[in-house]
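*Asks:* Residue-level listing of the chains:
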Amino acid sequence: MNSNVASGAHDPANQKAVYVFEAPVRLWHWLHTFSFLTLAATGYLIANPLPSLAGEASDHFLMGNIRLVHFISAYVFAIGFAVRIYWALVGNRYAREIFYLPFWRLEWWKGLFYELRFYLFLTRKQHKTLGHNALAQTAMFFLNTLMTLFMIGTGFALYGQGLGEGSWADQGFGWIIPLLGGGEATHNWHNMGMWIMLMFVIIHIYMAVRADIIGRESSVSTIIGGWRTFRDDQP
Amino acid sequence: MGIQQTFYEAMREHGITRRSFLKFCSLTAAGLGLGPEFAGTIAHALETKPRTPVIWLHGLECTCCSESFIRSGHPLAADVILSMISLDYDDTLMAAAGHQAEEILDQTIEKYDGNFILACEGNPPLNEDGMYCIQAGKPYVEKLRRMASHCKAIIAWGSCASWGCVQAAHPNPTRATPIHKVITDKPIIKVPGCPPIAEVMTGVITYMLTFDRFPELDRQGRPKMFYGQRLHDKCYRRPHFDAGQFVERFDDEGARKGYCLYKMGCKGPTTRNACSTVEWNGGLSWPVKSGHGCLGCAEDNFWDRGSFYSSVTNLNVAGQVESTANKVGGVLAGAAAIGVAAHAAASVISHSKDSNRGGSSHD
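Listed in order, the protein sequences are those of chains A and B. Mapping to the working numbering: the first sequence position 17 is 17, numbers consecutive. Mapping to the working numbering: the second sequence position 325 is 325, numbers consecutive.
You may find that some hints are simply not true.
Below 30 angstroms or equal to it, Euclidean Cα-Cα: the simulated DSS-like pairs (lysine-lysine) are [claimed, not checked]:
#1 LYS125/A - LYS16/A
#2 LYS110/A - LYS186/B
#3 LYS234/B - LYS186/B
#4 LYS16/A - LYS353/B
#5 LYS128/A - LYS353/B
#6 LYS49/B - LYS224/B
#7 LYS143/B - LYS186/B
#8 LYS125/A - LYS353/B
#9 LYS16/A - LYS128/A
#10 LYS186/B - LYS152/B
#11 LYS111/B - LYS152/B
#12 LYS23/B - LYS152/B
Quick partial rundown of chain B residues pointing at chain A, CB under 7 angstroms, derived from the structure [as the list claims (entries may be wrong)]:
#13 PRO50
#14 GLY221
#15 LYS224
#16 ARG230
#17 GLU248
#18 THR270
#19 ASN281
#20 GLY282
#21 GLU299
#22 ASP300
#23 LEU315
#24 ALA325
#25 GLY334
#26 SER350
#27 HIS351
Hints were generated in silico from the structure; no laboratory data involved. Given the structure is predicted, the values throughout are model-derived calculations rather than measurements. Glycine included, C-beta positions come from ideal geometry on N, C-alpha and C.
Generate coordinates for the entire structure from the input sequences, incorporating the hints supplied.
*Replies:* Written out as structure tokens, the structure is:
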């Protein structure tokens, strides 16, 4: 044990704990998670509705409610992401990691290939990373950040079809529909986006739990409490 | 056919009474959503303005647009409109043929250069220098380019002229191309549908002739008054959609009760057209009313989107992919799960080997 625990003022390589994820980032992570899961479930049911209900139409509002939950979650998802972008500007350096790839830095490319080799079991030595490693950052950027933007864009474009011509959603996002080849194609790509994000969620949870169990760094507890702890104090 | 003749005079010449004329003006004002006071405006414009000639060209098409147009649910409207346009050129409807017919095009260019409206039904094929559609011994695309260069504005009738439709469906051997991709220097209004609704066609043409400009267009060049909403937004079966009551098979209880056809692949939720409000054949019926889902015929590339009978259709990547988001996505998510499981197993083995060696993976 050394005396650098919980201190940002010393050599980070030898630290036992670093404050990585600030409260807004953690809060957003869980809002993002639960709104996504709600959106995925309700979205699936919008594309593939539940078995037909009997009786009078006026007695039910099942599809309407599923869509309502979808739209409310969509607002949580989108506004949460907007606040998250703001926090990337004012938060610490780890708050910015998922929004860009430092492809102009040779070190970053080395890190990327190193992590690829590590996860293919081609090397034993595990690097110490404070925020995201290069591979995690790449996956996060493409499969989460860009996909989130894509889902918000296509989602509000489709929402604008219901709100009508000239509505804010139509004016702000309606241009996406002809770009993707029409309403039907936009529906299908929006649906595809859900599956890609779901794939990301599966891999993301696996990587996080794996890192917690056999890696050098905390990960699940980090996104809950914000502190990244290490099992050893070697560089 | 003097240049000074007004629409009204032309109509009277064709035996239309003043009473019928005024009824037509009210009907058109209502159809265009302009409000009752505009009936007078339309009447005044038609009485005083010199008649604008319309040249109606046919490229690769099935003539369903013309068929729809001449079967306008209100015969009166059709008569009035036809008297406005048929005198000039429409090779399907006109009496003249051959050289006489083609001469009219030259005369129109001479007399009305920059002042006539070009109505295009169908589209030109561009492969083999346009040899897949020959008219009067020349490729249609040449005729289209020539007339377009002298016209004031272009109406793209139907899905062929607007998007390409069936002859432009994959693999599009003749390279049939919608009008806006061939003619880029003239204002174009798209009136898609296979065919478009007759009242929509007459409404659009009347608006243009009366007000001398296009009605307000949406992002893709369609008149907002008819294409501003999806069929779904005004569908009389919408309450069943919101309730979660669907036809599951064409012969089930839901089908008899008139439930929503979304699960049967109805494209109403993604198709912009006026079918659910204007309806067809004078408000007699329309596809959903007759118990079948909408095919989405007014939407771009509707032939290549996959099943007409499924709510989730093909992803179109690079022209043609015969797979839906649910299938591709299910495989991706499944592959991710299997990959994760395999990697976890490999990690456990690798980790236990390290532990057995007494070392650690951290050195």
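*Asks:* Run every hint past the structure and note whether it holds.
*Replies:* Right, here's what the structure says about each hint:
1. LYS125/A - LYS16/A: Judged against 30 angstroms, a Cα distance of about 18 angstroms means the pair holds.
2. LYS110/A - LYS186/B: Answer violated: LYS110/A to LYS186/B is near 54 angstroms, above 30 angstroms.
3. LYS234/B - LYS186/B: Outside the cut-off at roughly 33 angstroms; violated.
4. LYS16/A - LYS353/B: holds, 26 angstroms
5. LYS128/A - LYS353/B: holds, 22 angstroms
6. LYS49/B - LYS224/B: holds, 25 angstroms
7. LYS143/B - LYS186/B: Between LYS143/B and LYS186/B the Cα gap is close to 15 angstroms, so the pair holds against 30 angstroms.
8. LYS125/A - LYS353/B: Given that 30 angstroms is the threshold and the Cα spacing comes to 14 angstroms, the pair holds.
9. LYS16/A - LYS128/A: Status holds; Cα separation ~11 angstroms.
10. LYS186/B - LYS152/B: The given pair, whose Cα atoms are some 7 angstroms apart, holds under the 30 angstroms limit.
11. LYS111/B - LYS152/B: holds, 13 angstroms
12. LYS23/B - LYS152/B: Distance ~29 angstroms between LYS23/B and LYS152/B Cα, so the pair holds.
13. PRO50: Violated, about 34 angstroms.
14. GLY221: violated, 10 angstroms
15. LYS224: holds, 6 angstroms
16. ARG230: holds, 6 angstroms
17. GLU248: Hint on GLU248/B: holds, closest Cβ of chain A at ~6 angstroms, below 7 angstroms.
18. THR270: holds, 3 angstroms
19. ASN281: violated, 26 angstroms
20. GLY282: Violated - the Cβ of GLY282/B stays beyond 7 angstroms from chain A, reaching only about 27 angstroms at its closest.
21. GLU299: holds, 5 angstroms
22. ASP300: It holds, given that the least Cβ distance between ASP300/B and chain A is near 5 angstroms, below 7 angstroms.
23. LEU315: Hint holds; LEU315/B Cβ to chain A Cβ min 5 angstroms, cut 7 angstroms.
24. ALA325: For ALA325/B, the interface hint holds, since the closest Cβ of chain A sits about 4 angstroms away, which is under 7 angstroms.
25. GLY334: violated, 9 angstroms
26. SER350: Given a least distance of 5 angstroms, the restraint on SER350/B holds.
27. HIS351: holds, 5 angstroms
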